[in-house]
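**Q** Residues per chain are reported as follows:
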Amino acid sequence: MVGVLAFLVAGLLVISLAMNLMHQRHAHLASEVGSMMCADRNGPEAGIVATVRLPLAYSPSQRRGSDGIRCQFEAVFSPEEALGAALLIPAVTGSMSVEANGHPVLVAEQYIMRNLRFTNVPAFVPLGPDVLRPGTNRFTITLIAPPGRPIAISPVLSGPRAALNLRYQARWFTSSVLPTLVVGGATALAMVFGLIWAVRRHQAEFGWLSLFLLLGALVGSVLIPDFGLGGGPYSIWGMLALWEAAAGLMFMRAVAGLPTKRVHLWFAAPPAVLWFLFLANPSVFMPNLVIQGGVAMVLSYSLLGQWFLWRVARRGNLEALLILIGMAFWTLFLIHDGLSAMAVGGNMIFLSRSAMSGLLVMICALMTLRFLRAMAQLDDTAKTLRGQVAYAEKMLTESYEELRARREAEAISAERVRLMRDLHDGVGGDLASMLALAGEVPPRGAEIAKHARSALVDMRLIIGSLEDYGGNLTLALAAWRERAGPQLRAAGITLRWKVDRLPHMPWLGSSQVLDILRIVQEAVTNAIKHAQAGCLEVTARECDEGIEISLADDGVGISDSRTGNGLRNMASRASRLGGRLLVKRTEQGTAVRLTIPTTPPQAKPDASMP
Amino acid sequence: MKLQNGAEVTTAPQTVLLIEDDAPIRARLAAALSEHGIFKVVQAPDLATARAAIASQTPDLIVSDLKLPDGIAIGLLAEVREKSPQVEILVITILGDEATIVAAIAAGASGYLLKDALPEDIHKAAIEVMEGGSPISPSIARFILRRAGEIGSVLVAPMKPAVEVPHLTPRELEILWGIAKGLSYNEIASLLEMSPNTVPTHIKAIYRKLQVGTRGEAVYEAIQQGLITF
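These protein sequence lines map, in sequence, to chains A and B. Going by numbering that gives the first Met the number 0, the first residue of the first sequence is number 0, and it counts up by one from there. Going by numbering that gives the first Met the number 0, the first residue of the second sequence is number 0, and it counts up by one from there.
Hints are computed from structural coordinates only; laboratory data are not their basis. Keep in mind the model is a prediction, meaning the values are calculated, not measured. Among the clues, some could well be false.
[Unchecked claim] To give a feel for the contact side, a few chain B residues facing chain A, derived at Cβ under 8 Å: (1) L94; (2) G95; (3) D96; (4) E97; (5) D115; (6) A116; (7) L117; (8) D120; (9) S136; (10) P137; (11) S138; (12) R141; (13) R145; (14) A179; (15) K180; (16) G181.
Heads up, the beta-carbon is just placed ideally off N, CA and C, and yes, glycines get one too.
Let the sequences and hints guide you as you build the complete structure.
**A** This is how it looks when you write it as structure tokens:
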């Protein structure tokens, strides 16, 4: 938005410049009327009667019943020129009528925009052969001031209509169009910067700039009616220019990077005093003092601010330099207008409001610059961040790989320890026994076979436990049943299988499955060995504590002295699973009941390590 | 494993080629198989002998160890199976682990025998397979389900899929689950509300699909590389 405005204003500036250049080119065709014979409209006693040099600024004396002046001048036209001539009055304040050789040719009531003192509009008077005659022509200009207000007129141009028309249009553009655009642009920018400042309080320059532009817009604005407050010759709104200058100074200080402190409240004193003087006595003698004081204050504030800017611009602060250029440009016009206002010199053509467009362009350029810089910074930051993220990711991956490798190594090591223990517990013992039995004379074949079978069974348990059952104990038990079935059949025991749908227990790994299968297998082995049973019922179901696996036979029942190695092993395996094992004699025979929680037990020191 | 008792064939004895290098085990298996006079057992201690025996007479059933002194039996088994599809195969294994099951399926076997199985179980298994009975044990069912991603994590599958898991219908998967959980055909049938007779039909379909996807060479390779050991 700021960028668009900048381009808009820049474009308008270029157009106005071009138009001004154009009229300069034709300037030699026109001749300037530098002085006129003027008299007060209400008679010699009411005011001046003199040959005055233009530009003229005149405050009719109400006291003496004066309300305007009538001026006369002569212009010489050749017969050709008389066919298409014109008068151009580049700047005029007040109501004006023009007569050529006694014929009225123009009656213009100037709309004084919002009582603005330091603005004026051009007037263009086309002259035809009906009113002109070859040779000397006499013109009368009557200027009437609104009550209590001054009148002013710049040097008058006479010449070819075409050339003067171009110049008139350029003047009209700079005096009417451009100030209106500036007011619009300044209002919009004030809102934008005000919003920026509202969310970025630490950037005071936005706040001051917003205030500066807003006050400037109010000074030149047609948006707010006068409410009759500017009843006198000077508008109360026009006096806002003083505050505008103060805000501008603070803005320039902020751009220069100078802090705002309490002591800077003193910058508010001059405008406050002038404002007070204006309000207290906006009449007779004050105006000139207030006007002059105000112009002096505005100029000095502007120059002071530029000095602040210059100090940092010299050190390469591009922002400060841009603002400084804009401010200096504007100040030149302020000086020009100030001099005109104080009637020291100049041509009574007030241009500072139009020139503010240049300042706005600079501000827009500055903000665009800031925006671009912020974007570049953002890109840089994003790039840096991307780099950092990539680096962090790499480090993370590396450490993750490391961690994974270590975990893997640990898992393998733990698995190795477990396998060793499992082999030691089962197959190892059996093999040692087999060796011992084989060494006896004669070798005890039946017992060797028993141990061999036990070793093979255990081996299959281990192999079976290494399968991935995915936490499905039903599958593990079914796999075990596949192996235990023939054993039981060989012992003449009928297997009754009552395995219910068991809950999913993902924590059951190989080690846990092996513990469960070994407990179950041990119970089966005991039943085969000691119970002389005819039937073994295996039940597995969900219970309150988790799951319950029970094996009940209809044999002779376990003896009360529970000191067997096998039983102790079963119990220790059960506790490793965080479960409970109950082996008891029932009316029918022996019942082994294993309860396992559905959630993994807390880590406990492994009691059965070899 | 349900055995169909009383369905013994009373016609001429069927020929069983027993390929096993360990003499005592071979003798034990031979004794178990030749009981009741249903099977005429031809023994071979190595692949060369087995090849000669097959050349002279195509057996009805081959009971074979996988690793023999002069090589791995899979090639020979697959060859026989291709030439004479009616030949049934049982693989002999010590542990009945997954690697063996992969190899057995690759060899076109309908099942496996544990080396220390009871003589009567050995005999019954042989009869059952000759009758076209259940070729799928809980271990095989588990194996298929695991490969199909139904059990555990596929990532931990121990080797590259030498046996490609065929596309199975939901019903077939349900039946496999039943077998893997140790349910009998009748239990599966009542659980799935279907006729008990249709269960074997489904199972044969599953097994056919499985054998179609079997790649003997891949298993052979895996064995050579030591990925599968016996």
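**Q** Hint by hint, note whether the structure agrees.
**A** Structure-based check of each hint:
The closest approach between the C-beta of L94/B and any C-beta of chain A is roughly 5 Å, which is under the 8 Å cut-off, so the hint is satisfied. Annotation: interface hint on G95/B holds; nearest CB of chain A at approximately 7 Å, less than 8 Å. Given the 8 Å rule on beta carbons, the hint for D96/B holds: about 5 Å separates it from the nearest Cβ of chain A. Because the smallest distance between the Cβ of E97/B and any Cβ of chain A comes to about 6 Å, under 8 Å, the interface hint for this residue holds.
Because the closest C-beta pair between D115/B and chain A is about 6 Å apart, less than 8 Å, the hint holds. Restraint check, A116/B versus chain A: the minimum CB separation of about 6 Å is within 8 Å; hint holds. Interface hint at L117/B: satisfied, since its Cβ lies 5 Å from the closest Cβ of chain A, which is below the 8 Å cut-off. The beta carbon of D120/B comes within 5 Å of a beta carbon in chain A, closer than 8 Å, and the hint placing it at the interface holds.
At a threshold of 8 Å, the smallest CB-CB gap from S136/B to chain A is about 6 Å, leaving the interface hint in force. Below 8 Å, beta-carbon pairs count as interface contacts, and P137/B has one with chain A at about 5 Å; its hint therefore holds. Interface restraint check: S138/B against chain A, minimum CB-CB distance 6 Å, threshold 8 Å, status holds. For the restraint placing R141/B at the interface with chain A, the shortest Cβ-Cβ distance is roughly 6 Å, inside the 8 Å limit, so the hint holds.
Of the supplied interface hints, the one on R145/B holds, with its beta-carbon coming within about 7 Å of a beta-carbon of chain A, less than 8 Å. Hint status for A179/B relative to chain A: holds, with the closest Cβ pair at about 5 Å, below 8 Å. Restraint check, K180/B versus chain A: the minimum CB separation of about 5 Å is within 8 Å; hint holds. Given hint, G181/B at the interface with chain A, holds; its Cβ is 3 Å from that chain's nearest Cβ, closer than 8 Å.
Every hint, counting from the list given before, is met by this structure.
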